[in-house]
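Converting from the sequence shown to this note's numbering requires adding 189 to each position, the first position being numbered 1.
Misleading hints may appear alongside valid ones.
As the list claims (entries may be wrong) - Computed spacing ranges between beta-carbons, pair by pair:
hint, residue 1, residue 2, range
1, L343, S523, 43 to 49 Å
2, L281, Q429, 24 to 30 Å
3, K437, Y252, 50 to 56 Å
4, F504, K245, 49 to 55 Å
5, K344, F504, 41 to 47 Å
6, G535, Y400, 18 to 24 Å
7, T314, Y252, 37 to 43 Å
8, N458, K245, 57 to 63 Å
Bear in mind the hints are in silico, worked out from the structure with no lab data behind them. Heads up, the beta-carbon is just placed ideally off N, CA and C, and yes, glycines get one too.
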Amino acid sequence: MIKDKSIQIKNIYYMLTYAFQVLRQTNFEEIESEEFENIQDLLSAILSKGIAQQLKQGLYREYVTLDESLSTLRGKVDITESIRLKMQRKQLIGCEHDELSENNIFNQIIKATAILLIRQASVDTKYKDELKKEMLFFADIDDIDIKSIKWDRLKFQRNNQGYKMILNICYFIIEGLLYSDEKGNYKMASFLDEQRMSHLFERFILEYYRYHYKGTISANSTQVKWNLDEGVVDFLPAMQTDIMLKCKGKTLIIDAKYYTHTMQTGQYNTVTFHSHNMYQIFTYVKNYDVCKDGSVSGMLLYAKTDETITPNSDFVMSGNKISVKTLDLNLQFSDIAAQLDAIVKGEFDLRSIV
Numbered sequence: 190m191i192k193d194k195s196i197q198i199k200n201i202y203y204m205l206t207y208a209f210q211v212l213r214q215t216n217f218e219e220i221e222s223e224e225f226e227n228i229q230d231l232l233s234a235i236l237s238k239g240i241a242q243q244l245k246q247g248l249y250r251e252y253v254t255l256d257e258s259l260s261t262l263r264g265k266v267d268i269t270e271s272i273r274l275k276m277q278r279k280q281l282i283g284c285e286h287d288e289l290s291e292n293n294i295f296n297q298i299i300k301a302t303a304i305l306l307i308r309q310a311s312v313d314t315k316y317k318d319e320l321k322k323e324m325l326f327f328a329d330i331d332d333i334d335i336k337s338i339k340w341d342r343l344k345f346q347r348n349n350q351g352y353k354m355i356l357n358i359c360y361f362i363i364e365g366l367l368y369s370d371e372k373g374n375y376k377m378a379s380f381l382d383e384q385r386m387s388h389l390f391e392r393f394i395l396e397y398y399r400y401h402y403k404g405t406i407s408a409n410s411t412q413v414k415w416n417l418d419e420g421v422v423d424f425l426p427a428m429q430t431d432i433m434l435k436c437k438g439k440t441l442i443i444d445a446k447y448y449t450h451t452m453q454t455g456q457y458n459t460v461t462f463h464s465h466n467m468y469q470i471f472t473y474v475k476n477y478d479v480c481k482d483g484s485v486s487g488m489l490l491y492a493k494t495d496e497t498i499t500p501n502s503d504f505v506m507s508g509n510k511i512s513v514k515t516l517d518l519n520l521q522f523s524d525i526a527a528q529l530d531a532i533v534k535g536e537f538d539l540r541s542i543v
């Protein structure tokens, strides 16, 4: 099985299916049975299927402002342009009007990403051919500079909800794989960068528990309030948890970490847990356990690496259980699921998977 930095490529697909539930639909089923040589092929296959599905439904259109010189008035008059046309003795009016168009930023990002993949030597010809056929329907969509994309400005609404997964895959490709060589040419790395994988790791764990334990465990990403006796909280940092699980009156706060090194090396080569991670989870637990009854536990859950020493410890700190564990992502997915199930079975005394 081909690996992506110690993770089987197929497992990245499974993680994506939890992060983006739309991948569970029937039109994506055949991806699960395929073997992928690299992460680029996997993301190309998902993107191609997503585009094909969207083409069946029709490309998203939104109103864009057009400036045109027309023989009859449409929309608002562009005074400056109309005067210029008059001076040129042209019987036209400068008009500014809105028109529903497929030539919007959503489709422009999809086109730019597909073209990027088509140009990569590392992408299998099979997926390139699929993307080339689909790009015939994007002939009227403008080309854009992928580095100018303002991802935080993309707004999703009811009419373009189907684009959310596709645009997230584009984001993974452009922000997680792309880099420029010395000549300024775009190249693709052989694995997703740590930041992108970290977000996927967190989302996967949260959505796994939401999906498999719905009705039994409450799974959310909850903000913890500071438990202060007095004082103003205005300048205190927000405490945003990755995963908060609640069941049977107990709470488990999981802080998911995707690091190259799961342990830190200090002076004289001493190996310890990451101190800032320990302080963080301890702070979350103590502030959330307002009743001080020990019903709140915390866990640092690292993606397992190939290091000799990996975390696997449980502590009781001031009455609260704090664990430091690893999740081995380089196994069959059923074994990964078993590890996640074991966490909640042990914590909440659950006898079977729901």
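If I claimed the Cβ atoms of L281 and Q429 lie 24 to 30 Å apart, would that claim hold in this structure? With Cβ atoms ~56 Å apart, the hint is violated.
Starting from the hint 18 to 24 Å, judge whether the C-beta atoms of G535 and Y400 obey it. 20 Å, holds
Assessment of proposed distance window 41 to 47 Å (beta carbons of K344, F504): 44 Å Cβ-Cβ, so the 41 to 47 Å window holds.
Between the beta carbons of F504 and K245, is the distance compatible with 49 to 55 Å? 54 Å, holds
Could you say whether the range 50 to 56 Å given as a hint is met by the Cβ separation of K437 and Y252? Once the Cβ atoms are compared, 51 Å apart, the range 50 to 56 Å for Y252 and K437 holds.
Regarding T314 and Y252, is the given constraint of 37 to 43 Å on their beta-carbon distance met? Check passed, 39 Å falls within 37 to 43 Å.
Given the hint of 57 to 63 Å, check if N458 and K245 actually sit that far apart at their C-beta atoms. Roughly 59 Å apart at Cβ, these two residues keep to the hinted range, so it holds.
Using the C-beta atoms of L343 and S523, is the stated range 43 to 49 Å upheld? Check failed, 35 Å falls outside 43 to 49 Å.
Going down the numbered hints, you'll see the structure goes against 1, 2, while the others check out.
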